Amino acid sequence: MSATDITPAGMAFCFLLLLIPVLISYHLNLKLINSTIESAFRMTVQLAFVGFFLTFVFELNNSLLNFVWVLTMVIVASYTVLKNAQLKYGPFIVPLTLSFALANVGMLLYFNSLVIGLNDLFEARYFIPIAGMVIGNSLRANIVGINYFCDQIQRNENRYLSSLSLGAEKYEALKPYLRKSLRNSIRPTLANMATVGIVFLPGMMTGQIIGGSSPLTAIEYQIAIMIAIYVSTMMNVMFGVIILIHRGFDDYGMFRKDMLKGE
Amino acid sequence: MDLIKVEKVCADAEGRRILSDLNISVSRGEKVLIKGRSGIGKTTLFRLLLGFRTPSFGTIYFEGRPMDPRLAWDIRKKVAHISQDSDIGEGTVKEMLDGIFSYAANKGMLIPEELQSMLSEFSLRADVLHKKFENLSGGEKQRIAIIISLLTKKDIFLLDEITSDLDAKLKRKIVDMFVGNPSWTVLAISHDTEWEREGVRVIDLEKLQESSNVCN
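Chains A and V, in that order, are what the protein sequence lines are. The opening residue of the first sequence carries number 1 in our numbering; numbering runs sequentially from there. The opening residue of the second sequence carries number 264 in our numbering; numbering runs sequentially from there.
Treat the hints as calculated values from the structure; they're not laboratory data. If you're wondering where the values come from, they're calculated on a predicted model, not measured in any experiment. Heads up, the beta-carbon is just placed ideally off N, CA and C, and yes, glycines get one too. Hints may contain errors.
[Unchecked claim] Between beta-carbon pairs, the in silico distance windows are:
id, chain 1, residue 1, chain 2, residue 2, range
1, A, I37, V, P332, 47 to 55 Å
2, V, D265, A, V94, 43 to 51 Å
3, A, F41, V, S400, 29 to 37 Å
Extracted from the complex, chain A is given alone in its bound form (with noise of 0.2 Å):
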């Protein structure tokens, strides 16, 4: 059993549901009908090269080719957490790379090789989609993990320097604020897991159910994956901030904004 096809008639019918915010945004300025139209378009477009090439990777099945193909994936990862954040890229980027590798690609091996047991690790019909997943969670934890450190050293700045001053090295000043922003990041990925079933299907069980396979199967991969999502993106965001702060602050254990990009 595998899922109907859906028609070009179909699909236009799904883009014509566009038109609703579209309208709303049009109604109570929202500013938001150029990202709507650009959104569905770089979506389109993405998915449809992607499909096309992952129909091809998945027919060669080439691990080194899979491999790198998720590196990419960390890479555009890491530069969408950067380009998201105040941040900028150069001190930024390489680190960060290394941390996503580090959390996701580990994760990952860990995942197909003890909760899947597959005997190619690196099987691209499971390691490139579970690689999405993962990656792509840890991405928005990351945006909000770093983007809330940043905001609040900077308004609590005060906090910060009598910390300092009254004692404090710079890592046990900063830790109310990496505390802060790790409970933050991953409060939402806590809830999805929290309500996962009752309130929303996620849409990776969605996809296995309407693909053919038994919706047990489903859950088993679904409570699996989520776990997995939650390590690694505790782990991705505390490496994220760990990051912050060692490079974000000169000698002296001062913040520093000419890390931040200019208004």
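Place chain V on chain A using the hints.
Frame of chain A, contents of chain V only:
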């Protein structure tokens, strides 16, 4: 040897000159009142001494060593600084104290009996510990900050407007305490006349900088 020496220091912020050609020496045990109208750079001077900012010209010496990052971290462990900004922490006073005294530099310095006696000394009720710091009045915050600085057992104090929100009796008591201890070095920024007394050297930042405007 001077404990603190500020030599030909200039400081700028956002293109504006805050301090120009400032020269100050303070020896150990001295009590110094720093005066001058708002915006003259009193707080900036303290920030320079703590390494929270660097001078655009000139040098700051502490115990004879010129300022560098390592010295700045040392100074922060040797000096008790009370900021004029009272936004120094969150949560209950107890949680704040626990946080501060969990730093390696302050481990084991929070002695409950000592804390209790200081609270009553400064007319604070013991239940203040369970109140949220941000909900305290200005005067309560100032007294908590003073108590924290005393508990850390430093002998050099940088005090930025620590008596502004206190009543006359407490003002006198606190100035007595800081001025009266011969082994303490005290630099106080204040508009309170209570600090202007015998044995306290007054540095007027306005007058000190009147003649000078050279910094390159």
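Ascending list of hint numbers which this structure does not respect: Hint 3 is the one this structure does not satisfy, whereas the remaining hints hold.
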